[in-house]
Amino acid sequence: MTDSFLLTLYMVPHWWNGNIPRYSVFVDDKCVKTDTFKVNHELYRVEMPISLDFGPHQLKLRFENKTKSDVLFDQQGMLMRENFFTLAKVIVDTVNFQELHKTEGYFKRDFPDERGNYIYKNNGKFSHQGEYILDFYSPIHYWILSKFDSTYTIP
Amino acid sequence: MSGRDYSKMQGMGKDDWIKFQLNRSYDNPFPDVELEMYFCPQHPSEIVPWEVAARNVALDIASKYENLYVAMSGGIDSEFVAKTFLKLDIPFTPIILEISDELNALDIWWAFRWCKENGLTPKVIKIDIESWVKRWIGISMKYCTRFGAANGTMSYLHDYVRTQQGYLVSGAGFPEFFPDENLNYMTSRYIDSALHNIDGTRKHGYLIHEPDIIQKLMYPEMPFNFLSWTPEIVLSYVYHRDMSLTSAEDKSRIMDCLPRPKNIGMGDYFFKTHTVAKNWVQLRKYIGTSEVGFVGSKEEIIKILTTGKYD
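From first to last, the protein sequence lines stand for chains R and X.
Okay, so the first sequence: first residue is 1 according to the working numbering, each after it adds one.
Okay, so the second sequence: first residue is 156 according to the working numbering, each after it adds one.
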């Protein structure tokens with residue numbers, strides 16, 4: 001069976017030089033959208049109709065063109081300026097992910113940090129070269145249902 | 156219906172005479188029939204006056220269960236249950252759930268009024284809105300069900316009654332006739348697949364709501380469904396229902412209770428504005444395509460219940 005839904009991402013890009021951030025969205029490693037942002041410091045909406053077979057899938061969001069020259073430090077090594085974007089909101093049809101994209105997704109850097117780590121718990125900020133990864137299954141609304149937050153122990 | 160092994164299905168009511176199976180699950184998200192529901196009486200029933208059928212239910216429950224509580228929502232159904240026990244001098248405690256911010260105040264006003272008029276002191280369970288929301292969302296998650304609010308509400312009462320080693324009876328589990336103005340949301344806000352034919356026309360007959368089944372799954376020991384406890388009471392209602400009236404009008408007539416408004420406005424506003432609840436309402440539209448079990452037409456039900464033959 002096929003699961004069809006409209007995936008809407010709300011992102012907020014920030015850039016200070018001429019290298020406008022480029023994002024790409026992949027589903028199961030197939031690129032469904034790639035573009036540069038059209039606004040700076042504002043909410044930017046991207047809509048993608050998605051059609052998937054029932055079963056496990058993977059969503060990826062990549063920051064494609066981050067370079068060293070997009071980051072500016074002062075003489076003490078403090079961050080002055082940087083190109084980055086945040087993933088503010090994920091909507092599936094009319095259903096808001098709320099915090100789900102943060103609690104279930106993670107960020108995988110292309111290059112390790114000074115401790116050798118590649119994986120970061122996602123905080124919604126894209127400031128490294130790498131990709132945001134979210135494993136889910138279809139039908140996606142059932143997956144959202146299964147993850148809807150609750151602390152109550154049910155009889 | 157033929158070919159189904161009813162003996163392996165779960166049941167509710169006296170001797171589990173109403174068989175059901177909830178087929179929707181995370182592993183089977185869109186089954187052909189989401190909620191199977193069958194009337195499987197062990198014997199033929201006679202058509203008796205409504206008061207006689209209700210009396211028989213009350214006496215049967217009282218003979219098998221002690222320390223009875225009656226969940227009172229303020230609606231006609233639960234008031235009738237309480238009234239029947241009272242008339243027969245069967246001891247029970249009314250129990251009322253009060254949600255903070257007066258969310259259900261307009262409804263339970265009627266329950267408090269009835270208790271006062273009859274000299275009964277209800278047990279009142281007070282909860283705050285956020286824990287209520289958290290609870291019914293948790294229930295919906297666990298049972299993969301489209302509708303959790305009713306179960307969330309009832310679960311507080313069941314939980315309390317369990318702590319008292321008691322048994323909860325209610326007006327839930329009532330077979331309702333469709334189409335009806337109170338059920339219009341199943342044909343306007345969404346098209347319930349169990350209540351419509353393939354060509355889009357509406358079926359005409361009786362249904363039982365999914366939350367009643369969830370309630371049974373959660374609290375299997377409770378005789379909660381007074382109004383469908385026996386084939387006899389269902390037969391009596393179906394037979395005596397005046398088809399020219401709405402269900403609300405007819406229940407008021409048959410159960411001899413004052414008519415009262417359905418206070419859906421406040422609830423509706425809450426579900427459209429509460430941050431989590433409004434998102435939940437959006438989500439549930441995509442979970443399955445039905446939230447009822449269709450039992451059959453008036454004629455089919457009368458035939459099954461008067462003959463005792465369902466296969």
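Treat each hint with caution, since some may be false.
[As the list claims (entries may be wrong)] List of simulated lysine to aspartate or glutamate pairs, EDC-like, C-alpha gap at most 16 Å:
| id | chain 1 | residue 1 | chain 2 | residue 2 |
| --- | --- | --- | --- | --- |
| 1 | X | K242 | X | E206 |
| 2 | R | K147 | X | D187 |
| 3 | X | K433 | R | E104 |
| 4 | X | K440 | R | E104 |
| 5 | R | K89 | R | E104 |
| 6 | X | K281 | X | D244 |
| 7 | R | K125 | R | E82 |
| 8 | R | K121 | R | E104 |
| 9 | X | K297 | X | D182 |
Quick caveat, the hints were computed from the structure, so don't treat them as lab data.
It should be emphasised that the depicted structure is a prediction, and the values quoted were computed from it without experimental measurement.
We went through each hint and held it up to the structure:
1. Restraint check for K242 of chain X and E206 of chain X: satisfied, since their Cα atoms lie roughly 11 Å apart, inside the 16 Å limit.
2. Of the pairs offered as hints, the one joining K147 of chain R and D187 of chain X is violated, with about 25 Å between alpha carbons and a cut-off of 16 Å exceeded.
3. A distance of roughly 21 Å separates the Cα atoms of K433 of chain X and E104 of chain R; the hinted pair therefore is violated under the 16 Å criterion.
4. Among the hinted pairs, K440 of chain X with E104 of chain R is inconsistent with the structure: their alpha-carbon atoms are about 23 Å apart, more than 16 Å.
5. Among the hinted pairs, K89 of chain R with E104 of chain R is consistent with the structure: their alpha-carbon atoms are about 14 Å apart, no more than 16 Å.
6. The hinted pair formed by K281 of chain X and D244 of chain X fails the criterion: a straight-line CA distance of about 28 Å is larger than 16 Å.
7. This hinted pair checks out: K125 of chain R and E82 of chain R have alpha carbons roughly 12 Å apart, not beyond 16 Å.
8. Between K121 of chain R and E104 of chain R, the direct Cα distance comes to roughly 9 Å. Compliance with the 16 Å bound is thereby established for this hinted pair.
9. This hinted pair checks out: K297 of chain X and D182 of chain X have alpha carbons roughly 13 Å apart, not beyond 16 Å.
Hint violations for this structure: numbers 2, 3, 4, 6, all remaining hints satisfied.
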